[in-house]
Amino acid sequence: MTVLSLIARQDYLEKVARTRDPIKANSEFVWNALDADATRISVEFGLNVLGGIEEIVVRDNGIGISRAHAERDFWNLAIPGNARRIERRSFSGRCTARRAGVGYAFSDLHQHADLLAVADYSVVPEYLFGGDGKTAYADWYAGFARNAITFVHTDKSKFSNGTSI
Amino acid sequence: MLALAEKHYQSPGLEAKVLANSPLANMRDTETELIAALQLGQIDYLAMCRSDAPQHHLMYLDLPAEIDLSDPADAAAYAVAVAHTKNGDVAAARPRRRGHR
Chain B
1 MTVLSLIARQ DYLEKVARTR DPIKANSEFV WNALDADATR ISVEFGLNVL
51 GGIEEIVVRD NGIGISRAHA ERDFWNLAIP GNARRIERRS FSGRCTARRA
101 GVGYAFSDLH QHADLLAVAD YSVVPEYLFG GDGKTAYADW YAGFARNAIT
151 FVHTDKSKFS NGTSI
Chain P
1 MLALAEKHYQ SPGLEAKVLA NSPLANMRDT ETELIAALQL GQIDYLAMCR
51 SDAPQHHLMY LDLPAEIDLS DPADAAAYAV AVAHTKNGDV AAARPRRRGH
101 R
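As given, the protein sequences belong to chains B and P, one line each in that order.
Everything in the first sequence is counted per our numbering, starting at 1 for the first residue and increasing by one.
Everything in the second sequence is counted per our numbering, starting at 1 for the first residue and increasing by one.
Some clues are possibly wrong.
Unchecked claim - Calculated pairs, BS3-like style, for lysine-lysine (alpha carbon to alpha carbon, straight line, at most 30 Å):
| no. | chain 1 | residue 1 | chain 2 | residue 2 |
| --- | --- | --- | --- | --- |
| 1 | B | Lys156 | P | Lys7 |
| 2 | P | Lys7 | B | Lys24 |
| 3 | B | Lys24 | P | Lys17 |
| 4 | P | Lys17 | B | Lys158 |
| 5 | P | Lys86 | P | Lys17 |
As the list claims (entries may be wrong) - Estimated spans, in silico, between C-beta atoms of each pair:
| no. | chain 1 | residue 1 | chain 2 | residue 2 | range |
| --- | --- | --- | --- | --- | --- |
| 6 | P | Pro72 | B | Leu115 | 53 to 61 Å |
| 7 | P | Thr32 | B | Thr39 | 51 to 59 Å |
| 8 | P | Glu66 | B | Pro22 | 32 to 40 Å |
| 9 | P | Asn87 | B | Ala36 | 14 to 22 Å |
| 10 | B | Ile63 | P | Ala92 | 38 to 46 Å |
| 11 | B | Ile23 | P | Lys17 | 20 to 28 Å |
| 12 | P | Thr30 | B | Ile63 | 32 to 40 Å |
| 13 | B | Gly51 | P | Thr30 | 30 to 38 Å |
| 14 | P | Val82 | B | Arg59 | 28 to 36 Å |
Don't read these hints as lab results, they were simulated from the structure.
A quick note: this is a predicted structure, and the numbers were derived from the prediction, not measured.
In this text, a Cβ means the ideal position worked out from N, Cα and C, and glycines have one as well.
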């Protein structure tokens, strides 16, 4: 078994701790196990000397994930959701920026990027152009693909007459 | 989008009527769950990005550019439509462009 050490950043802990429904939060772990084809799932509550819950351990025999996937997916735990709070430089000193998803590949892998494609054009001017004392990481961007919002339906939907597919 | 449709089709009250027919019970946590609800016939129509429709083998309505947020040149016209969230945030409609938020 491979053991990965993952350190969750404080703001991530604050975010997940805000949940108002601890049962639902725990059930999410159980669902994750079921999604991974687990046939055995245990939820263990560790009590402290006063009888309060000190730890919750969810174990399952699901298929698990590769080390590469774990490192990729769980990096999110360590990424603050707000780029304003973070400024980083790569090993060679070039500026990198990151936000949940933005610039993540080159900042975390310490690689340079001459071109960055993002799924939200607004984050470029908002987070990467600098201003207000923030570091500028980019000075240009261009839209290169469009999408449209629509209503999707099936042939069983009310009033559906087989409109385009 | 509904506000833009109401304006485009000059059909006052269209947005309110559609929303009135979309009870909170239809709400799901994720788009994946909404798609499942659509395929099971629990809901009839679901708003989402057109590029996602083919991969889920869903049919979709071909809406005019005045409504479908597809044309960056119409950004100012789209921005008149705003969505109010429960926590008080106000989000204005923006062109759907790679990438969209």
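Against the structure, the hints come out as follows:
| no. | hint | verdict |
| --- | --- | --- |
| 1 | Lys156(B) with Lys7(P) | holds, 29 Å |
| 2 | Lys7(P) with Lys24(B) | violated, 41 Å |
| 3 | Lys24(B) with Lys17(P) | violated, 33 Å |
| 4 | Lys17(P) with Lys158(B) | holds, 16 Å |
| 5 | Lys86(P) with Lys17(P) | holds, 19 Å |
| 6 | Pro72(P) with Leu115(B): 53 to 61 Å | violated, 20 Å |
| 7 | Thr32(P) with Thr39(B): 51 to 59 Å | violated, 23 Å |
| 8 | Glu66(P) with Pro22(B): 32 to 40 Å | violated, 46 Å |
| 9 | Asn87(P) with Ala36(B): 14 to 22 Å | violated, 33 Å |
| 10 | Ile63(B) with Ala92(P): 38 to 46 Å | holds, 43 Å |
| 11 | Ile23(B) with Lys17(P): 20 to 28 Å | violated, 37 Å |
| 12 | Thr30(P) with Ile63(B): 32 to 40 Å | violated, 21 Å |
| 13 | Gly51(B) with Thr30(P): 30 to 38 Å | holds, 37 Å |
| 14 | Val82(P) with Arg59(B): 28 to 36 Å | violated, 47 Å |
The structure fails hints 2, 3, 6, 7, 8, 9, 11, 12 and 14 (numbered hints given earlier, in ascending order).
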